[in-house]
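Visitor: Next come the chains, spelled out residue by residue.
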Amino acid sequence: MRKSDVFFIWVGMNLVLAGAALTHSHTTKSPVLEAIRQQALLVKELGLTDLCLSTEASYTRFPAVADLHAPFQDHPVCLEHFPSGSFISPPPALQGG
Amino acid sequence: MSRIERQRNIIDFTLSSLLRRKRKTIALILVYVLIVFTLGSVLLFTQAMKKEASLILAGAPEMVVQRMTAGRQSLFPVGYIDKIRAIKGVGAARGRLWGYYFDPRTRSNFTFLVPKVFEAKPSEIVVGRGIARSLDTSEDDLLYFRAFDGTRTALRIRGVFDHRSELVASDLILIGERDFRRLFGVPEGYSTDAVLEVKNSKELGIIAFKITQVLPDTRPIRRDLILGTYEAVFNWRGGMALVVLSGAVLAFVILAWDKATGLSAEERREIGILKAIGWDTSDVLLMKFWESAAISITSFFAGILLAYAHVFLASAPLFAAVLKGWSVLYPKFRPAPFIDFYDVAVLFFITVVPYAAATLVPSWRAATLDPDEVMR
Chain Y
1 MRKSDVFFIW VGMNLVLAGA ALTHSHTTKS PVLEAIRQQA LLVKELGLTD LCLSTEASYT
61 RFPAVADLHA PFQDHPVCLE HFPSGSFISP PPALQGG
Chain W
1 MSRIERQRNI IDFTLSSLLR RKRKTIALIL VYVLIVFTLG SVLLFTQAMK KEASLILAGA
61 PEMVVQRMTA GRQSLFPVGY IDKIRAIKGV GAARGRLWGY YFDPRTRSNF TFLVPKVFEA
121 KPSEIVVGRG IARSLDTSED DLLYFRAFDG TRTALRIRGV FDHRSELVAS DLILIGERDF
181 RRLFGVPEGY STDAVLEVKN SKELGIIAFK ITQVLPDTRP IRRDLILGTY EAVFNWRGGM
241 ALVVLSGAVL AFVILAWDKA TGLSAEERRE IGILKAIGWD TSDVLLMKFW ESAAISITSF
301 FAGILLAYAH VFLASAPLFA AVLKGWSVLY PKFRPAPFID FYDVAVLFFI TVVPYAAATL
361 VPSWRAATLD PDEVMR
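As they're listed, the protein sequences go chains Y and W.
Under this note's numbering, the residues of the first sequence are numbered 1 to 97, in order.
Under this note's numbering, the residues of the second sequence are numbered 1 to 376, in order.
Same shape as in the complex, but just chain W (with noise of 0.2 Å):
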C-alpha cells in the first residue's frame, strides 16, 4: 500500500468517525468558527483601521502647540507664535481655530474648524455628510446655531464634503473666521491652538523642548504622537481588544484543557479496538491528527472568510455599534481592505496550535496504553 493510498484510508476512516458523532463535531466546529470570527474580526478591522489612520493622517500638523491653564487647554495668544516663530528650526507657524459646538436638535457634537483659506462669503458654511445627513439639509439650506451670547445665528450651507472624505470630515463644519469668533466669543488675538512645521523633522524632539521652555504653560505634540495614539488605539493586542480576546481565548483553553484532560469513554474503546485489531501507535496519532486538521481546517477558514465578509464587505457592524456609542454623527466608511499575514498567522497559531495539542497529547496516551487497559 502506497503512503498516500495509507493517508486517504486513514483520513476516510477519521471523517466516518467524526460524522457517527455529528452533534458534538458541529457544535464544536461552530463555537471554534466563532472564535476565529471574533478575533479575526478585531485583527482585520484593527490593522486595517491602523493601516487608513497612519496613511490619512501622515498629512497632519508637524505640530500642535496647546496653551494649558489649570490643567485644561486653553484660548491661544497669538503672541506667542510670534515667540515660536522665533526658536531656531521652526518653519512656518500660524494659529488654529476650532471648537466643539453641541447641537441640541441632534444631541450630537459637530466640530467647527477656520481653514487656512476660505472661500466662501462671510455667513457661509461648508458641512460634512454626517451633519448633512443627520439634519437632513443640503446646499444652499439656511443652518441657524445658538451663539455663545444665546443670539441665533443663520448659517447657508455652501457646499457638502464628498462622501469619501466621511473618515475624517463626517462632523467638520468649515466657517469663515469672522463667523468662527461670533459664534463662540473667541476674541481677537487668540486662537483654539497653533500649528507649526519645523525645516529638519529630525529636529522635532529638541524643538518641543525648547517650545516649553520658552512658554511653560504650552503642550507641544508631535505628529508621531498623533501616529501614536492610533497606533494605541487600534493596537489588537491592546484596550477592548484584549478584553475580547482574553474572553474567547480563555473559553478557548478551557475548552481545549477539557478535551486535553482526557478522552470520553467512546474515544477511548475507540482506540483499544483499533489497537486490538492491529493499529499502530502512529497510526492512531496520524488519525488523530487528521481529525484535529479537518476541525481547524474548516473552522478557521470558515471564521476568517466570515470576518473578512463582516469588516470589509459589510464595515464591521459589530464594532461600529462601540466605535458609535451615543453618537449619531457616526461616518459611513469601509475600510480599506489591508491584510497582514503576520497577524492572520498570529490568529492561526493561537487557534490552531491549542486545539492541535489538545486533540493529541491525550489521544497519544491513550494510544501507548494497552488495548485491553484503555478498553477497560
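Here chain Y stands alone, though its shape is the one from the complex (with noise of 0.2 Å):
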C-alpha cells in the first residue's frame, strides 16, 4: 500500500472520529437537556441567582451577588487568594475600570 494511501485512509479515520464524537453530542445532549430543565424549574421555584461550581468562598459560591469588595472582604489589604478565585473572575460590572 503506498503511503499516500495510508494518509488518506488516516484522514478519513480522524474524519468519523470528529462524526463519532458530534453523534455522541447529539444523542446524549437530550437527557441533559432535561435535567437542565429540571435544574431551571428548581432554579425559578426557589429563585436561586447561581451555579453551586465552588464552594470554598462566599464569592465563588454566589458571585452574581457577591459583595462588591468580596476578594479583599477580610481585611483592606487582603489578596485573594481561594484558587477558584483565579477561575472565577469579577462580574463584568467591575472589569474595566
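Since the hints were derived computationally from the structure, they do not count as laboratory data.
Take the hints with a grain of salt, since some may be wrong.
To be verified - Below, simulated SDA-like cross-link-like pairs (lysine to any residue); rule was C-alpha separation at most 20 Å, straight line:
no., chain 1, residue 1, chain 2, residue 2
1, W, 121, W, 149
2, Y, 3, W, 121
3, Y, 3, Y, 19
4, Y, 29, W, 162
As the list claims (entries may be wrong) - Interface residues of chain W toward chain Y, partial, derived using beta-carbon atoms under 7 Å:
no., residue
5, 8
6, 61
7, 72
8, 108
9, 205
Treat the numbers as computed from the prediction; the structure is a model and nothing was measured.
For every residue, glycine included, the Cβ atom is placed at its ideal position computed from N, Cα and C.
Take the two lone chains, each set in its own frame, and fit them into one complex as the hints suggest.
Guide: Quick look at the structure:
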C-alpha cells in the first residue's frame, strides 16, 4: 500500500472519529437537556441566582450577588487567596474600571 | 502524469521524508497535540458551561435587591419590600431568606435557603447530594448544627435532592423560616435580600434606577447582570483561560518562530538536492504544504478529540481541581456537550495557520535560491 493511501485512510479515520464525537454530542444532549430543564425549574422555584460550582468562598459560590469588594473582605489589603478565585473572574460591572 | 497522481507522488515522498526524521516529527506532533488539547479543553468546557448556565439561570429572579451597609450586604428590612412594590411597573416582590453556614466537620460552606413554599415539618430539612455525600448521611438521619448563640440544633433530613440537580443544589439545605431564624438569629421583619418580578422586562433598567432613588442604601442586581457574570466567568478569552492560552500560544509562537527563522541544514540540503534533480519551486512548496498538512491534521484531530473526551466523557478533571479549590462539596456533574463551531474554527486558525506559515515561508525562501547556494 502506498504511503499516500495510508495518509488518506488516516485522515478518513480522523473524520469518522470527529463524526462519532458529533453524534455522541447529539445523542447525549437530550437527557442532559432534560436535567437542565429540571434545574431551571428548581432555580425558578427557589429563586436561585448562581450555579454551585465552587463552595470554598462565598464570592465564588455566589459570584452574581457577591459583595463588591468580595476578594478583599477579610481586611483592606487582604489578597485573593482562594484557588477558585483565579478561575472565577469579577462580574463585568467591576471590570474595565 | 495526472494531477492527482502528481499530488500522490509528492505525498508519498513527503511522508517518507517525515518518517526519516521520525523522532523530530513525533516530538513536534506531541507538542502540537498538547497545545490543541489544552486550548480545546478550555474552549469546550467554557463553551458548554456558558450555554448550560444561560439555560439553567434563565429562570433566576428578574431582579435581586440587596441592602448595603458600609459597603457590605446587610439584612433587608421587610418594610423596604412594600416601598419596592409601590414603584410603578413592579409585579411580585418578596423577601428571600438564605445564608452560609461553615461546617467544621467537612470544612466547607453550606447554603441554607428558605423556599417560598416548604412542605416539610418544623426541624426538617432537604439537603443537596453533595452534603449527603460529604456527611455520609441519608433520609431520616439527624444533622446537628451550631446556632448563632452556640446552642446545638438538630434537624432531620426529610429528603435529598435528585443527583441531576447537583449543579445548582449540591451544597443547598432547604429549611423552614422559623428554623432558619432560630439557627442564624435573623430577627422577624428582616430577610437576607429581596427578589422581584417586573411587569415589563424592558423596564428593568428604569425600575432598578427608581429603587436606588427610593432606597439609596440598596443595590439592585438585574437578571441580565447575573447571566452576564457567567458570560464573564466562562469567557474562554478572559480570566484564567487567557493565562492558559497566552502561555500555550507563546510556546507555540516560539516553536513556529524557531522554524520560521531558518530550516535545519538537513532540510536545506534536501531542498537543494530536489531542486538539483529537477524539482520546481512549486513542487518544493507543495511538498512542504503536505508536510504541514499531515502534521497539522494529525495533531489538530488528536488534540480536539482528546479534549472532547476529557471534557464530555471524563467531566473535565483538570478544571475540576481548580474549581474545587479547597472546597469538599464539589458537585458531580458532566458538562452538556454543546459545541460552538465558530470557536473550534478559531482554535483551528490560531494553531494551524501559524504553523503552516512557519513551515511554508522558510521553505519558499530556500526553494527560490539556487541549488548550489542552498547546499553550500
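Visitor: Given the hinted pair residue 3 (chain Y) and residue 121 (chain W), is their Cα-Cα distance within 20 Å?
Guide: 74 Å, violated
Visitor: Given the hint that residue 29 (chain Y) pairs with residue 162 (chain W), test it: the Cα-Cα distance must not exceed 20 Å.
Guide: 19 Å, holds
Visitor: Hinted pair, alpha-carbon criterion (20 Å max): residue 121 (chain W), residue 149 (chain W). Please report holds or violated.
Guide: 23 Å, violated
Visitor: Within 20 Å, alpha carbon to alpha carbon, are residue 3 (chain Y) and residue 19 (chain Y)?
Guide: 24 Å, violated
Visitor: Taking the closest Cβ pair, is residue 61 (chain W) under 7 Å from chain Y?
Guide: With Cβ-Cβ at 5 Å, under 7 Å, it holds.
Visitor: Hold the hint about residue 72 (chain W) up to the distance rule: shortest CB distance to chain Y must be less than 7 Å.
Guide: 6 Å, holds
Visitor: So, as I understand it, the hint says residue 8 (chain W) touches chain Y; can you test that by seeing if any CB pair is closer than 7 Å?
Guide: Where the cut-off is 7 Å and the nearest Cβ of chain Y is about 4 Å from residue 8 (chain W), the hint holds.
Visitor: Was the hint right that residue 205 (chain W) lines chain Y, CB cutoff 7 Å?
Guide: 13 Å, violated
Visitor: Identify whether the interface hint at residue 108 (chain W) stands, where standing means a beta carbon of chain Y within less than 7 Å of its own.
Guide: Cβ of residue 108 (chain W) sits 6 Å from chain Y, so the hint holds.
In this structure, the earlier hints numbered 1, 2, 3, 9 are contradicted, and the remaining ones agree with it.
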